[in-house]
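Undergrad: Protein chains in written order, with the numbering used here: chain H, 758 to 976; chain D, 758 to 976; chain W, 758 to 976.
Any given hint might turn out to be false.
Straight-line alpha carbon distances no greater than 30 Å define the calculated DSS-like cross-link-like pairs of lysine-lysine that follow [to be verified]:
#, chain 1, residue 1, chain 2, residue 2
1, D, Lys-790, H, Lys-790
2, W, Lys-790, D, Lys-790
3, W, Lys-790, H, Lys-790
So these bits of chain D aren't anywhere near chain H, every CB distance computed over 12 Å [said to hold, decoys possible]:
#, residue
4, Leu-886
5, Val-896
6, Asn-903
7, Leu-915
8, Gly-937
I should point out that these hints are in silico values taken from the structure, not numbers from a laboratory.
Everything numeric in this text was worked out from a predicted model, so none of it was measured.
Every residue, glycine too, gets a C-beta built ideally from N, C-alpha and C.
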Amino acid sequence: MLHELFTPSLQHGLDLAGIFVFAISGALLAVRKNFDVFGMAVLAEITALGGGLIRDLIIGAVPPAAFTDLGYFSMPLAATALVFFLHPQVERIQGAVNVFDAAGLGLFCVTGTTKAYEYGLGLTASVVLGLVTAAGGGVLRDVLANEAPSLLRWDRDLYAVPAIVGATMVALFIHFDVLGALTGTLAVLTAFVLRLLAMRFHWRAPRAWNRRSASTEEE
Amino acid sequence: MLHELFTPSLQHGLDLAGIFVFAISGALLAVRKNFDVFGMAVLAEITALGGGLIRDLIIGAVPPAAFTDLGYFSMPLAATALVFFLHPQVERIQGAVNVFDAAGLGLFCVTGTTKAYEYGLGLTASVVLGLVTAAGGGVLRDVLANEAPSLLRWDRDLYAVPAIVGATMVALFIHFDVLGALTGTLAVLTAFVLRLLAMRFHWRAPRAWNRRSASTEEE
Amino acid sequence: MLHELFTPSLQHGLDLAGIFVFAISGALLAVRKNFDVFGMAVLAEITALGGGLIRDLIIGAVPPAAFTDLGYFSMPLAATALVFFLHPQVERIQGAVNVFDAAGLGLFCVTGTTKAYEYGLGLTASVVLGLVTAAGGGVLRDVLANEAPSLLRWDRDLYAVPAIVGATMVALFIHFDVLGALTGTLAVLTAFVLRLLAMRFHWRAPRAWNRRSASTEEE
């Protein structure tokens, strides 16, 4: 099956790891918002599984993978338990969490794109769904936490661009019929490294020109 | 059919009653947020039908029941009319409204779980969808009203737990092949009573340990 | 096919125009919220395509049209580019944008209703989905921008009512078997003109009676 670029067990292990780190970011935001342990679990589940869930609803893959694989469902609960008991320690290794989150971003933009393509969508739509898979959970997380989505804000380091680049690479590999474990890994790594660089050098996307007046805008 | 635990007409009557009281809570929040009568109707519809709608999209039951049963659609409009004309009186009986809301919670966690199981989902996923059915509408209500979902906040009495308990009882009954009108009613009543107790004694779920410092947290 | 009331190419051209103006409103809100260019594109896409996307998920038309027609996907990007480079000029013609938005509202409430009916939904449900098609994108836009949905607020000119009227006209035309290019156009124009009048004369819907006390409310 195409969207299992790697061996099934490796793919599954990577998926679980990506879900776990995404869930950590959801649970951490829940703590910051003063939610209780159930709020933490809900936010962890939705952050980790929400992007894939939206993708699956759109491509008609029901019931979505999030509801058929008990492992997918369990990882966010494990992440919730970890943050519940060790919140200050997890906050302290926020830098490491961000690195893992970048890895999850890279992984999910690639697997999301391939899965959408397998379900018969066009290459452009598959790229969009790769982005949705990688970034949709974080948007749902922020909406539920009643915050403007981090993905949309100009004062955040680039998040969408690495995912778009990774997903576009997959689409090109599919187009040229060279998608496989090696090229798939290359796309994952490219998105991963781009996101790391964006965090390291605070790369940001521009805002609209001349937002207030022509003279005072130089971002 | 399994998810009609009771006779069809009793089941339908209970569904309509549950929808009505959920819709009341949506219309009341709309008044508090200063929405107009259409905002009230939209919030009433989404609060009452949103949880079942999400469940139906996830299990692939399209078009969702909310769009095929005119009664389901009409009850929130009736609730809107009631709140529109008699808002202060409805606010005054908020205690009674909360009791009915607890009954709706009990009912929907049970019917949601059974419907999901009928559509072929596993027991754990069915429990999750029971919770989604019972509490999802309230989350959508709060998101549309631009508030942090009541379900997630630590300063609210337990809401998810009674639904999870009721849904889990249903799953156990299914597992041991004893789900019927009697055991189904028992699950509904258990969730209902747990929610009443949670409101009466202000049971709350804990927040993460050591949120700020190790010394000042004793919740 | 029924929901192509007009010739396919005319229908498609109208759809694209409606999508474009809806996307403009999304991109403009993104600028006001200080989002970056990717946030603008996301908000433009969701404002323009979100209503139809929800409708398609509910009626089971997957993958939704938004993901199968590259033109639908491209228009919001064009709108984003326009607002990105010419934001002050677009703001200055906000009045014209609102007129086009009203035209989009009229168009989409009609096409949304007909498409839902084609997929086998009842007339009432089809009217609701016509409203969802026309107004759902704007609600998603406001939710993502972390604002109370404009659709629900009492201090906004009527938006839902023109769409409901247009959608209801379509349902009546279907019921009496007279829906065609002429009657379809009549419904579009009615909704369009009603919305223009609502903006011109600041028509608003009432809020609940006696919101605070019986004596101080006279809206």
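Undergrad: Hint by hint, say whether it matches the structure.
TA: Comparing the hints with the structure gives:
A distance of roughly 21 Å separates the Cα atoms of Lys-790/D and Lys-790/H; the hinted pair therefore holds under the 30 Å criterion. A hinted pair counts as satisfied when its Cα atoms are at most 30 Å apart, and Lys-790/W with Lys-790/D qualifies at roughly 21 Å. With a C-alpha separation of about 21 Å, the suggested pairing of Lys-790/W with Lys-790/H holds against the 30 Å cut-off. A beta-carbon of chain H comes within 12 Å of the beta-carbon of Leu-886/D; the shortest separation is about 7 Å.
A beta-carbon of chain H comes within 12 Å of the beta-carbon of Val-896/D; the shortest separation is about 7 Å. Against chain H, the non-interface label of Asn-903/D is violated: not every CB pair exceeds 12 Å, the least being about 7 Å. For Leu-915/D, the non-interface assignment is contradicted: its Cβ lies about 8 Å from the closest Cβ of chain H, within the 12 Å cut-off. Every CB of chain H lies more than 12 Å from the CB of Gly-937/D, the least distance being 25 Å, so the non-interface label holds.
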